[in-house]
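J.: Make the full structure from the sequences, and use the hints.
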Amino acid sequence: MKGIILAGGSGTRLHPITKSVTKQLLPVYDKPMIYYPLSVLMLAGIREIMIITCEDDLHSFEKLLDDGSELGLSIQYAIQKEPRGIAEAFIIAEDFIGESNVCLVLGDNLFYGTGLVNSLQRARSLGKGALVFGCFVSNPSEFGVVEIDDDENVLSIEEKPENPKSNYAVPGLYFYDNDVVEVAKCIEPSDRGELEITSVNNEYLKRGLLDIEVFSRGTAWMDMGNCKSLLNASVFVDAVQSRQGLYIACIEEIAYRMDYIDREQLKSLAGRMKNTEYGKYLQMIYETQ
Numbered sequence: 001m002k003g004i005i006l007a008g009g010s011g012t013r014l015h016p017i018t019k020s021v022t023k024q025l026l027p028v029y030d031k032p033m034i035y036y037p038l039s040v041l042m043l044a045g046i047r048e049i050m051i052i053t054c055e056d057d058l059h060s061f062e063k064l065l066d067d068g069s070e071l072g073l074s075i076q077y078a079i080q081k082e083p084r085g086i087a088e089a090f091i092i093a094e095d096f097i098g099e100s101n102v103c104l105v106l107g108d109n110l111f112y113g114t115g116l117v118n119s120l121q122r123a124r125s126l127g128k129g130a131l132v133f134g135c136f137v138s139n140p141s142e143f144g145v146v147e148i149d150d151d152e153n154v155l156s157i158e159e160k161p162e163n164p165k166s167n168y169a170v171p172g173l174y175f176y177d178n179d180v181v182e183v184a185k186c187i188e189p190s191d192r193g194e195l196e197i198t199s200v201n202n203e204y205l206k207r208g209l210l211d212i213e214v215f216s217r218g219t220a221w222m223d224m225g226n227c228k229s230l231l232n233a234s235v236f237v238d239a240v241q242s243r244q245g246l247y248i249a250c251i252e253e254i255a256y257r258m259d260y261i262d263r264e265q266l267k268s269l270a271g272r273m274k275n276t277e278y279g280k281y282l283q284m285i286y287e288t289q
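Note that the UniProt record's numbering has the sequence shown beginning at 1, numbered continuously upward.
Hints are supplied without guarantee of correctness; some may be wrong.
[As the list claims (entries may be wrong)] Calculated pairs, DMTMM-like style, for lysine to aspartate or glutamate (alpha carbon to alpha carbon, straight line, at most 20 angstroms): (1) K185 with E94; (2) K206 with E188; (3) K81 with D57; (4) K206 with D179; (5) K206 with E159; (6) K128 with E94; (7) K81 with E99; (8) K165 with E142; (9) K165 with E147; (10) K228 with E188; (11) K2 with E62; (12) K160 with E203; (13) K31 with D238; (14) K81 with E94; (15) K274 with E287; (16) K267 with E70; (17) K160 with E182; (18) K274 with D262; (19) K2 with D56; (20) K31 with D149; (21) K19 with E55; (22) K274 with E48; (23) K128 with D177; (24) K185 with E82; (25) K2 with E48; (26) K128 with E152; (27) K81 with E196; (28) K63 with E94; (29) K128 with E182; (30) K2 with E182; (31) K280 with E99; (32) K165 with E203; (33) K2 with E99; (34) K160 with D179; (35) K280 with D30; (36) K206 with E142; (37) K2 with D238; (38) K31 with D66; (39) K81 with E188; (40) K160 with E188.
Everything labelled a hint here was simulated from the structure, so no lab data went into it.
T.: Encoded structure:
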């Protein structure tokens, strides 16, 4: 399975902060925002990754992550010329996807919690169809909303409905079989002129091929697309890391624990940041694990 991080868009909900820098490079406590969705793909066991971004921001991502080889990854980049919807990512990445299944994660989403890794790795074993997640929220009309029955079968999905049929939002993390490219090509743009991911999910639902896994109450999901949620995410990361002494979305540590890199590679990465708390944390992992 291959992975896509959609890190395009103009970040208008965060203006004026994002008038000169893409939101996915903004700091979320002690690391760039994009580390959080990247860590999700890594924890799922996905090592071939494409980052889709705007042309103006491409160099910044390349400077930050290069080709991913230092983390045992293979990272490619592609340009989304204008924001035409989440589902356009599959059309842009068609050659990259090839004959593989694919996971798409939005560049401004944070996931954390008990059982998350097991959920991700189960989703990675997807055969035919599509799998989305459901997360209970208090404000469902701000998201795509999924309606499920008592056996957790999907009944309907609606995009930001005025009268939600449930409190389960669909977070920005989706797993699909290889048919998703053709599905994305065939859907019609919405009233706002975008290729909606909800339309893709509804096509899989129509085919009887859409599954869902509902996050447990111990799993946190944050959409960091506005100022308040960006601040809340930073406070959350600080609280967890300060209490536990273990970092969230530390991509170098994940690469080491997933055996993408060895101890000497970890030591080298830690040495480059030896004067920071982040680098000292990596050094501690090297010395104690």
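J.: Hints the structure violates: just list their numbers, smallest first.
T.: Numbers 7, 10, 17, 19, 20, 22, 28, 31, 34, 36, 37 - these are the hints that the structure violates, sorted from lowest upward.
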